[in-house]
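Residue strings, one per chain:
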Amino acid sequence: MAITQTPDGTKVWALRDTRTQLTIWAKWFIGTALFMYCWQQISAETNWDFFWDAPAIAADIGGRSVPPKWDYMSKLWAPLWDTLNIATLGTALSLVMAVPIAFLAARNTTPNAYILRPLALLIIVSSRSINSLIWALLLVAIIGPGVFAGLIAISLRSIGFCAKLLYEAIEEIDQSQVEAITATGASRWQVMLYGIVPQIMPALAGITVFRWDINIRESTVLGLVGAGGIGLQMQGSLNTLAWPQVSLILLVILLAVLISEWVSAKVRGAII
Amino acid sequence: MLQLQKLTKRYPTGDLALNAVDLEIPKGQVLALIGPSGAGKSTLIRSINRLVEPTSGSAILDGVNLTELSSGALRRARRRMGMIFQEYALVERLSVMENVLSGQLGYVGFWRSFLRKFPQPAIDEAFRLLERVGLDQMADKRADELSGGQRQRVGIARALIQDPQLLLVDEPTASLDPKTSRQIMRLICELCAERGLSAIINIHDVALAKMFVPRVIGLKLGEIVFDGGPDDLTPEVLTDIYGEEDWEATIAKIDDDDDSDPV
Numbered sequence: 001m002a003i004t005q006t007p008d009g010t011k012v013w014a015l016r017d018t019r020t021q022l023t024i025w026a027k028w029f030i031g032t033a034l035f036m037y038c039w040q041q042i043s044a045e046t047n048w049d050f051f052w053d054a055p056a057i058a059a060d061i062g063g064r065s066v067p068p069k070w071d072y073m074s075k076l077w078a079p080l081w082d083t084l085n086i087a088t089l090g091t092a093l094s095l096v097m098a099v100p101i102a103f104l105a106a107r108n109t110t111p112n113a114y115i116l117r118p119l120a121l122l123i124i125v126s127s128r129s130i131n132s133l134i135w136a137l138l139l140v141a142i143i144g145p146g147v148f149a150g151l152i153a154i155s156l157r158s159i160g161f162c163a164k165l166l167y168e169a170i171e172e173i174d175q176s177q178v179e180a181i182t183a184t185g186a187s188r189w190q191v192m193l194y195g196i197v198p199q200i201m202p203a204l205a206g207i208t209v210f211r212w213d214i215n216i217r218e219s220t221v222l223g224l225v226g227a228g229g230i231g232l233q234m235q236g237s238l239n240t241l242a243w244p245q246v247s248l249i250l251l252v253i254l255l256a257v258l259i260s261e262w263v264s265a266k267v268r269g270a271i272i
Numbered sequence: 001m002l003q004l005q006k007l008t009k010r011y012p013t014g015d016l017a018l019n020a021v022d023l024e025i026p027k028g029q030v031l032a033l034i035g036p037s038g039a040g041k042s043t044l045i046r047s048i049n050r051l052v053e054p055t056s057g058s059a060i061l062d063g064v065n066l067t068e069l070s071s072g073a074l075r076r077a078r079r080r081m082g083m084i085f086q087e088y089a090l091v092e093r094l095s096v097m098e099n100v101l102s103g104q105l106g107y108v109g110f111w112r113s114f115l116r117k118f119p120q121p122a123i124d125e126a127f128r129l130l131e132r133v134g135l136d137q138m139a140d141k142r143a144d145e146l147s148g149g150q151r152q153r154v155g156i157a158r159a160l161i162q163d164p165q166l167l168l169v170d171e172p173t174a175s176l177d178p179k180t181s182r183q184i185m186r187l188i189c190e191l192c193a194e195r196g197l198s199a200i201i202n203i204h205d206v207a208l209a210k211m212f213v214p215r216v217i218g219l220k221l222g223e224i225v226f227d228g229g230p231d232d233l234t235p236e237v238l239t240d241i242y243g244e245e246d247w248e249a250t251i252a253k254i255d256d257d258d259d260s261d262p263v
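Listed in order, the protein sequences are those of chains A and B. Start counting the first sequence at 1; every next residue gets the next number (this note's numbering). Start counting the second sequence at 1; every next residue gets the next number (this note's numbering).
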């Protein structure tokens, strides 16, 4: 904020001084120029023949996809159940690891701010920076294809997400409640049990159902790389150009996601 | 019973919150600690149970130097010091009973407290205390369902179930309306008398302090500048503690309306 004074003594107020204003303008200018340049590059690299017939091809595939092949459903129940299990068990497994990591990462609960906290933060960042599909690719290579690889992939990816949200919740607790429990002569673990855990329970429950909801969606694609679940059928159908099966699978995934969102909304509503 | 000897606290920022405070409190004495914001009142009581680690000096409770205790011995010593807080500091999402019983944590092992299996004598005592503070019907309510006055009563019960010798009371009435404030102060003073407890009560409200306590300590910039009875609080003394102001209304005698019904 800039307050200047005119010669006759009037104070003039402006949101920013001239220098800041010019800097902001220059940044916008550079950003816009960069955007235009990139646009031009992408445009030069695009094969426009493929682009212009895209609507026709989309309409063709769309036409072949309807009606969905309903009786294929009998082969989808088992993989759908696998998908649900990967998401649910993966979320549970990730929580087992995420809760201790969150306590190590939160500034107010970490036992050691110089070694353990950076370590916990490193685990969180590395878990978050790798997509679950890539985790699955790695794990399929390491432990072989199947549901178990998908389960581990989902849980490894979820650790970072759950631990990050949870440690932020731990850092935001009301410290006076912790102080009060400490003042009774409670031990470190009792302070955690009575002073901290009750305060973060709503956050923990919310994070869990939120992540479970995300994991349902993520586990539907894990099969694409051989990590079990409904994605495996998707892969097979795509490879054989069986469009009516693809459309049925997409419908089933849509329905599963809708139901999981409804469930998690209900659970979150019940907690808050 | 409690002796503070040259108790000093310097925060890492360099602020000297307590400057070599000497204070002696006999058994059963309730005293009020007054002083402007930032005078070091909260730091003083927190330095006694070491929620704030004093820089130097000692606090001796019944012959035990609290400032030298190891963490295990400190936890046992903390059981003898009940603390009552300004914003009640109840665990909001736990029930009234769990909050009261949390005062027993220093006596109970981890798994018993995890499973909420408190010994029956502690539960009996919790019921007795809830009845004494007028909340016997509230044991199963969640703490965040209660009014301010009721929460502070739970806070008092939590402090007393520790079976303390000393109460450290930090601004017990600052979040309460005037009538509830008086009831809470009266309750604290009555309970101290019943059980022969000493207490240090930090309090902003000078008039309220004068109504209930026999001894007042004035703290200013980390040093004790006044130590005397409530009637010794003259305008000159208050000016010395707080700075220039018209003090006549504050020290005027206020009639104690005798309404001890619980809220």
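By construction, these hints were calculated from the structure, which means they are not laboratory data. Check each hint, because a few of them may be wrong.
To be verified - Residues of chain B clear of chain A, computed beta-carbon distances all greater than 10 Å:
1) S37
2) A77
3) E87
4) L94
5) E98
6) G106
7) W247
Stated by the list, open to error - So the derived list for chain A, only partly shown, Cβ under 10 Å to chain B, looks like this:
8) T184
9) G185
10) A186
11) R188
As the list claims (entries may be wrong) - With a cut-off of at most 20 Å between alpha-carbon atoms, the simulated SDA-like pairs for lysine to any residue come out as follows:
12) B/K117 to A/P198
13) B/K117 to A/W189
14) B/K117 to A/M192
15) B/K117 to A/L193
16) B/K117 to A/S43
17) B/K117 to A/R188
18) B/K220 to B/T180
A quick note: this is a predicted structure, and the numbers were derived from the prediction, not measured. Quick reminder that beta carbons are idealized off the backbone N, C-alpha and C, glycines included.
Consistency of the hints with the structure:
Interface exclusion of B/S37 from chain A stands, the closest Cβ pair being 17 Å apart, more than 10 Å. Consistency note on B/A77: stated as away from chain A, yet its beta-carbon is not over 10 Å from all of that chain's, at 8 Å minimum. For B/E87, the requirement that its beta carbon stay farther than 10 Å from each beta carbon of chain A is not met, with the minimum near 6 Å. A Cβ of chain A approaches the Cβ of B/L94 within 10 Å, the least distance being about 5 Å, so the stated non-interface status is violated.
Its beta-carbon lying about 8 Å from the closest one in chain A, B/E98 breaks the requirement of being farther than 10 Å from that chain. Listed as outside the interface, B/G106 is inconsistent with that label: its C-beta sits roughly 3 Å from the nearest C-beta of chain A, within the 10 Å cut-off. Every C-beta of chain A lies more than 10 Å from that of B/W247, the closest at about 32 Å, which supports listing it as non-interface. With 10 Å as the threshold, the beta carbon of A/T184 comes within range of chain B, its nearest partner Cβ sitting at about 5 Å, so the hint holds.
A cut of 10 Å between beta carbons decides the hint on A/G185: the least distance to chain B is about 3 Å, and the hint holds. Because the smallest distance between the Cβ of A/A186 and any Cβ of chain B comes to about 4 Å, under 10 Å, the interface hint for this residue holds. Using the Cβ-Cβ criterion of 10 Å, the hint placing A/R188 at the interface with chain B is satisfied: the shortest such distance is roughly 9 Å. A distance of roughly 17 Å separates the Cα atoms of B/K117 and A/P198; the hinted pair therefore holds under the 20 Å criterion.
About 16 Å separates the Cα atoms of B/K117 and A/W189, which keeps this hinted pair within 20 Å; it holds. For the hint linking B/K117 to A/M192, the alpha-carbon distance of about 17 Å falls within 20 Å, and the restraint holds. The straight-line distance between the Cα atoms of B/K117 and A/L193 is roughly 14 Å, inside the 20 Å bound, and the hint therefore holds. For the proposed pair B/K117 and A/S43, the alpha carbon gap of about 71 Å is over 20 Å, so the pair is violated.
Using a Cα cut-off of 20 Å, the hinted pair B/K117 and A/R188 holds, with the two alpha carbons roughly 19 Å apart. Distance check on the hinted pair: B/K220 and B/T180 sit about 28 Å apart at the alpha-carbon level, beyond 20 Å; violated.
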